[in-house]
Amino acid sequence: MSATVAIQSKPKRSAEPLTEPAPVRWLLIGVAGLFLALFLFLPLAAVFVQALEHGVATYFAALREPDARAAIRLTLLTAAIVVPLNLLFGIAAAWAIAKFEFPGKSTLTTLIDLPFAVSPVIAGLIYVLLFGRRGYFGPWLDAHNIHIIFALPGIVLATLFVTFPLVARELIPLMQTQGTQEEEAAAVLGARGWQTFFRVTLPNIKWGLLYGVILCNARAMGEFGAVSVVSGHIRGLTNTMTLHVEILYNEYNFAAAFAIASLLTLLALLTLGAKSLVEWRTRRMAPATDEPKDELAS
Amino acid sequence: MTSSTHRLAGASAVAIAAPARRHRSVLPGFRLSLGFALLYLSLIVLIPLGGLALKATQMSASQFWAAVSSPRAIASYKLSFGAAFMAAAINAVFGALVAWVLVRYRFPFRKLVDALVDLPFALPTAVAGLALTSIYVSNGWIGRFLEPLGLQVAFKPLGIIVALTFIGLPFVVRTVQPVLQDLDHEVEEAAASLGARRWHTLVKLILPEMWPALLTGFALAFARAIGEYGSVVFIAGNMPMKTEITPLLIVIKLEQYDYAGATALAVVMLGASFVLLLAINLLQRWSARRQAGCTD
Numbered sequence: 001m002s003a004t005v006a007i008q009s010k011p012k013r014s015a016e017p018l019t020e021p022a023p024v025r026w027l028l029i030g031v032a033g034l035f036l037a038l039f040l041f042l043p044l045a046a047v048f049v050q051a052l053e054h055g056v057a058t059y060f061a062a063l064r065e066p067d068a069r070a071a072i073r074l075t076l077l078t079a080a081i082v083v084p085l086n087l088l089f090g091i092a093a094a095w096a097i098a099k100f101e102f103p104g105k106s107t108l109t110t111l112i113d114l115p116f117a118v119s120p121v122i123a124g125l126i127y128v129l130l131f132g133r134r135g136y137f138g139p140w141l142d143a144h145n146i147h148i149i150f151a152l153p154g155i156v157l158a159t160l161f162v163t164f165p166l167v168a169r170e171l172i173p174l175m176q177t178q179g180t181q182e183e184e185a186a187a188v189l190g191a192r193g194w195q196t197f198f199r200v201t202l203p204n205i206k207w208g209l210l211y212g213v214i215l216c217n218a219r220a221m222g223e224f225g226a227v228s229v230v231s232g233h234i235r236g237l238t239n240t241m242t243l244h245v246e247i248l249y250n251e252y253n254f255a256a257a258f259a260i261a262s263l264l265t266l267l268a269l270l271t272l273g274a275k276s277l278v279e280w281r282t283r284r285m286a287p288a289t290d291e292p293k294d295e296l297a298s
Numbered sequence: 001m002t003s004s005t006h007r008l009a010g011a012s013a014v015a016i017a018a019p020a021r022r023h024r025s026v027l028p029g030f031r032l033s034l035g036f037a038l039l040y041l042s043l044i045v046l047i048p049l050g051g052l053a054l055k056a057t058q059m060s061a062s063q064f065w066a067a068v069s070s071p072r073a074i075a076s077y078k079l080s081f082g083a084a085f086m087a088a089a090i091n092a093v094f095g096a097l098v099a100w101v102l103v104r105y106r107f108p109f110r111k112l113v114d115a116l117v118d119l120p121f122a123l124p125t126a127v128a129g130l131a132l133t134s135i136y137v138s139n140g141w142i143g144r145f146l147e148p149l150g151l152q153v154a155f156k157p158l159g160i161i162v163a164l165t166f167i168g169l170p171f172v173v174r175t176v177q178p179v180l181q182d183l184d185h186e187v188e189e190a191a192a193s194l195g196a197r198r199w200h201t202l203v204k205l206i207l208p209e210m211w212p213a214l215l216t217g218f219a220l221a222f223a224r225a226i227g228e229y230g231s232v233v234f235i236a237g238n239m240p241m242k243t244e245i246t247p248l249l250i251v252i253k254l255e256q257y258d259y260a261g262a263t264a265l266a267v268v269m270l271g272a273s274f275v276l277l278l279a280i281n282l283l284q285r286w287s288a289r290r291q292a293g294c295t296d
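Just so you know, the protein sequences line up as chains A and B, in that order.
According to this note's numbering, the stretch in the first sequence is residues 1 to 298, in order.
According to this note's numbering, the stretch in the second sequence is residues 1 to 296, in order.
Do not rely on the hints blindly, as some may be mistaken.
Below are the DMTMM-like pairs computed for lysine to aspartate or glutamate, each with C-alpha atoms no more than 25 Å apart in a straight line [what the hints assert, rightly or not]:
1) Lys206/A / Glu147/B
2) Lys204/B / Glu20/A
3) Lys111/B / Glu251/A
4) Lys275/A / Asp182/B
5) Lys275/A / Asp258/B
6) Lys275/A / Glu188/B
7) Lys242/B / Glu251/A
8) Lys156/B / Glu20/A
What the hints contain is simulated information worked out from the structure, not anything from laboratory work.
From a predicted model like this one, the values you see are computed outputs, not experimental measurements.
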């Protein structure tokens with residue numbers, strides 16, 4: 001007791017700073033800023049500067065070119081197939097994992113993350129081994145004139161694999177923290193299964209769900225390695241936007257390559273914007289439910 | 001539905017007396033959701049990966065060994081793992097610094113910078129590779145200043161490290177950031193009030209708290225980097241034995257219809273990934289225990 005009093009009375013206490021001196025602070029901010037500039041901001045700026053280097057007319061001409069339009073269409077089509085499927089899986093997996101207890105649950109959770117540990121190139125390879133000309137089902141598919149590799153189904157499968165965990169991973173922690181009480185109340189009051197989901201669960205998870213979908217979409221449209229292995233790079237037919245960027249780059253058509261790349265970069269920036277928005281929404285909603293302390297603090 | 005519901009109900013009969021949360025069988029859709037999730041997981045992930053394992057077992061041991069130990073393969077492992085390690089190390093140092101600056105200091109555009117840290121998650125890897133190449137080539141925005149110093153980045157191993165640093169950047173920042181945010185200010189105040197120098201407080205108090213998260217972030221960045229393909233093929237130059245990463249070698253084998261060779265290399269890479277995944281799981285458990293210990 002006497003010791004505490006002694007320390008408090010020491011004038012030295014307030015002299016010891018709780019943060020670094022201003023010059024050190026600004027030096028650290030400067031070094032961090034320089035690092036981010038070299039690795040993050042400059043590449044970002046480079047995309048737009050080089051896309052518009054030869055003028056707006058060249059930029060839009062590059063986007064209107066038939067092969068570019070075919071690539072954009074293929075990318076949109078792929079995402080339109082992939083995102084709903086992974087969304088459906090994400091909701092089903094999150095519902096089972098967050099709302100029920102069953103043996104093997106943690107194994108299932110680990111398996112859902114598995115595609116993140118696999119190189120995108122291997123994600124493409126496994127489908128080539130199954131459906132490629134010399135793969136397990138290759139001869140059978142050939143005989144029946146079904147094309148999977150070097151065609152749309154292969155591109156969709158490879159993209160499904162690499163974006164597989166994205167929606168589920170957004171939803172599982174969210175639904176776990178929300179527990180089961182509200183759904184149980186709805187069930188006890190006589191709500192049917194789908195009613196419970198759409199009226200009780202969905203409003204609670206909509207922001208996380210939205211971000212999961214947006215992220216899944218961005219990654220589906222931007223996938224390169226896995227798609228590159230299964231696509232066959234047929235111009236105007238099986239080239240997605242990212243593959244088209246590579247072809248243009250290899251042909252030294254830099255302005256056109258950067259024009260397509262700028263569209264994908266805009267998509268990435270929109271995705272980040274959506275993420276900030278969702279985080280802001282959830283933070284605004286959080287204090288009302290479980291953290292009244294934060295409201296006082298802010 | 002009924003059999004599993006009954007089993008759950010039976011199991012929870014004891015638990016209901018003590019109000020544990022086991023009466024979950026009121027909720028519908030367990031079999032439907034789990035069944036669909038398992039079916040989809042098997043079709044998209046497990047069966048295709050099983051096909052890879054099957055292909056690998058169909059090779060003879062000597063055939064497998066020859067494929068994974070060719071000089072070209074060995075050179076690609078050295079490059080892939082070496083560059084990934086260097087990039088993860090750079091990210092560990094600068095990522096921790098960025099996290100510290102974002103959590104502790106206030107400066108203009110802080111929120112914007114914070115949001116942009118996630119850019120490598122959202123930006124297609126091919127675009128990242130294209131953009132990085134364009135600024136690090138000898139007449140690029142940064143390359144022109146490095147060229148007189150005798151530093152060539154693009155089309156050299158150094159370029160691969162640059163691309164992998166970009167790809168792994170968010171991992172360290174995003175694992176260290178929450179730890180710094182949750183750090184108890186009182187401990188620092190206590191240290192300061194006891195007369196500890198700021199530098200000592202940082203090294204003796206804050207750094208030990210950061211270690212598990214820092215290591216986790218490093219491992220995540222490393223794991224992500226060894227499999228990376230898109231950004232590297234643009235900047236690497238892709239010379240066999242010199243700047244050819246393992247994923248690219250897999251693609252080359254596939255283009256030559258050497259399915260067995262590609263599979264063997266893929267098995268090596270998957271093995272490394274799974275070891276890392278295990279290490280990351282252990283690290284995360286350690287780090288969670290540390291954080292739980294702090295609040296108790």
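Outcome of the hint check:
{"no.": "1", "hint": "Lys206/A / Glu147/B", "result": "violated, 51 Å"}
{"no.": "2", "hint": "Lys204/B / Glu20/A", "result": "holds, 16 Å"}
{"no.": "3", "hint": "Lys111/B / Glu251/A", "result": "violated, 39 Å"}
{"no.": "4", "hint": "Lys275/A / Asp182/B", "result": "holds, 22 Å"}
{"no.": "5", "hint": "Lys275/A / Asp258/B", "result": "violated, 42 Å"}
{"no.": "6", "hint": "Lys275/A / Glu188/B", "result": "violated, 32 Å"}
{"no.": "7", "hint": "Lys242/B / Glu251/A", "result": "holds, 23 Å"}
{"no.": "8", "hint": "Lys156/B / Glu20/A", "result": "violated, 39 Å"}
Hint compliance for this structure: hints 1, 3, 5, 6 and 8 are not met, and every other hint is.
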